[in-house]
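Residue numbers (this note's numbering), protein chains in the order written: chain A, 1 to 261; chain B, 1 to 274.
No lab work stands behind these hints: they were computed from the structure. Heads up, some of the hints might be wrong.
20 Å max Cα-Cα, derived SDA-like pairs, lysine to any residue [as the list claims (entries may be wrong)]:
hint	chain 1	residue 1	chain 2	residue 2
1	B	K141	A	E254
2	B	K120	A	Q162
3	B	K122	A	Q162
4	B	K122	A	Y156
5	B	K120	A	L161
6	B	K141	A	L161
7	B	K141	A	S214
8	B	K27	B	E46
9	B	K141	A	L248
10	B	K141	A	W247
11	A	K67	A	L116
12	B	K141	A	H253
13	B	K120	A	Q163
14	B	K122	B	P144
15	B	K120	A	W247
Under 8 Å between C-beta atoms, here's a sample of chain A residues computed to sit facing chain B [as the list claims (entries may be wrong)]:
hint	residue
16	E24
17	N148
18	L149
19	L152
20	M155
21	Y156
22	R160
23	H253
24	S255
25	E256
Far from chain B by the CB rule (all over 10 Å, computed), these chain A residues [as the list claims (entries may be wrong)]:
hint	residue
26	S55
27	I237
28	L244
From the three backbone atoms N, C-alpha and C, an ideal C-beta is built for every residue, glycine too.
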Amino acid sequence: MKRDDLVGYAVPAFTLGLGLLVWEGIVRYFNIPPYLLPAPSVIIATLFTDWPTLSTSLWVTLSITLKALLAAVIGSVTLAVIFAQSRLVERAFYPFAVALQVTPIVAIAPLLLIYLTPSVAVLVCAFLVAFFPLLANTTLGLSSADHNLVDLFNMYRATRLQQFMLLRLWSALPYFLAGLRISGGLALIGAIVAEIAAGSAGQGSGLAYRIVESGFRLNIPRMFAALLLISVAGITIHVLLTALSHWLLAEWHESERGREA
Amino acid sequence: MTKVATFPTGRGTASSTANAAPLVSFKGVDKVFANQVMALSGLDLEIRGGEFLALLGPSGCGKSTVLRLLTGLAAPTRGEISWSCERPEFGFVFQDPTLMPWSDVFSNVWLPLRLAGVSKEKARPRIDEALAQVGLSGFAKSYPRQLSGGMKMRVSIARALVTRPAVLLMDEPFAALDEITRLRLNDDLAALQSALGATVVFVTHSVFESVYLADRIVVMAARPGRAVAEIAVEAPPVRREGFRLTAGYAETCRLTSAALHVAMGEEPPSELTE
């Protein structure tokens, strides 16, 4: 087990390091100018020199992502709970949710930019993409309680509230968390795409705006540095949500438990 | 319904109540599901207080439907189900343990009392008692995932016992367990029932299980579900493994198997009818 763990971390770390070295080597050997392809060392150096600007942008993008994700969680759980009360309500509102989901966010963004201030429009875009996976998963989860347990609750004359708090909420939790992991990544993507769509109309402070701006100025190292920060932000969100999921499900859910030897 | 055989029952609780008014009687009960499947047709059945009744039959004979009708989770389409008293408190054990995986053993057993508004502290003595009855003292903090199939089933039985129900309904509770675990749970259930004196209605596919456990066996036939035979079981007051080796046990198994063949529309093999 210990050995497997070591190999599990060492192998990907080694291949990543090797890839970066090859990249660095090729750039140096062929003398590729940084405005075509900056070496990893140059990107890291840029990250440090441009940190004041980039960190502000990172914070803007992260705060949009997190606000959007939070709004999506509150909105989708509320709506899923309402759906769970009545099949009719679910039928009535589901088409709207689907229509919003399948329409590409880039196509909605210009419209939102007309109606809303740029910063709110970006937030709404990120919210919309994060919303649907959470809604779909939570709705499914709330209706997936073991029917024998539902019978048991009815037999002991449980109230609707008891059945909801002690049974449906727990049954829905693994589904909700799976949705949250998808939506966490999507909220970031939504924020970036909307910022790019907003372009110069935006107040120009998020990481996506930095990328567009750096492109115009041919500041390619900064472009890569911003890109790196977006990746790191995405990975961090994923890791944190996976940890949250593990923490909440570790004791009991199949998905979080290895096969006992 | 033909009475295949009637033996005097040896068990104290059963014989003393055998002539008493039935706890509940089904008269001409039909149950038709929403999909037009006729689960039960003209079922007549009496359940006596304190007896261990086994419902034996092939799949689709409506055994489980009888349990649902008893709990009131389903209502008969036609016919009448009358209780001699107010509908009593039930304990229910499913074929699967049907535990809440997110709760530990304690909270799973607490559930029926919790739903009735009994606090954790007030419920604790009853939960400890129920866990002791099924031999799981010391496992209160375990999660279902950490338990074997047999232990999970014990938790399920403890949950059914925690309200001290007058009637225990069991829907093929041991069908999914291995033979060794199943026999052990049969012994424990037999001991438990004679200690508690509760009425037990036990649905099973197994001739041997029904004869080992029951005071009375009602054999059911499928499509549509109905009762076709009734067999009383002669047995010592407390059943132990030795009962399986007696001539009475073998004879009752023979009668029951023959009745089951008839229920399934087959000619019983000659070795069962001789």
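Comparing the hints with the structure gives:
no.: 1; hint: B:K141 <-> A:E254; result: holds, 19 Å
no.: 2; hint: B:K120 <-> A:Q162; result: holds, 15 Å
no.: 3; hint: B:K122 <-> A:Q162; result: holds, 19 Å
no.: 4; hint: B:K122 <-> A:Y156; result: holds, 18 Å
no.: 5; hint: B:K120 <-> A:L161; result: holds, 18 Å
no.: 6; hint: B:K141 <-> A:L161; result: violated, 26 Å
no.: 7; hint: B:K141 <-> A:S214; result: violated, 58 Å
no.: 8; hint: B:K27 <-> B:E46; result: holds, 9 Å
no.: 9; hint: B:K141 <-> A:L248; result: holds, 17 Å
no.: 10; hint: B:K141 <-> A:W247; result: holds, 18 Å
no.: 11; hint: A:K67 <-> A:L116; result: holds, 17 Å
no.: 12; hint: B:K141 <-> A:H253; result: holds, 16 Å
no.: 13; hint: B:K120 <-> A:Q163; result: holds, 18 Å
no.: 14; hint: B:K122 <-> B:P144; result: violated, 23 Å
no.: 15; hint: B:K120 <-> A:W247; result: violated, 25 Å
no.: 16; hint: E24; result: violated, 48 Å
no.: 17; hint: N148; result: holds, 4 Å
no.: 18; hint: L149; result: holds, 6 Å
no.: 19; hint: L152; result: holds, 6 Å
no.: 20; hint: M155; result: holds, 5 Å
no.: 21; hint: Y156; result: holds, 4 Å
no.: 22; hint: R160; result: violated, 12 Å
no.: 23; hint: H253; result: holds, 7 Å
no.: 24; hint: S255; result: violated, 11 Å
no.: 25; hint: E256; result: violated, 10 Å
no.: 26; hint: S55; result: holds, 41 Å
no.: 27; hint: I237; result: holds, 25 Å
no.: 28; hint: L244; result: holds, 16 Å
Of the numbered hints listed earlier, those contradicted by the structure are 6, 7, 14, 15, 16, 22, 24 and 25.
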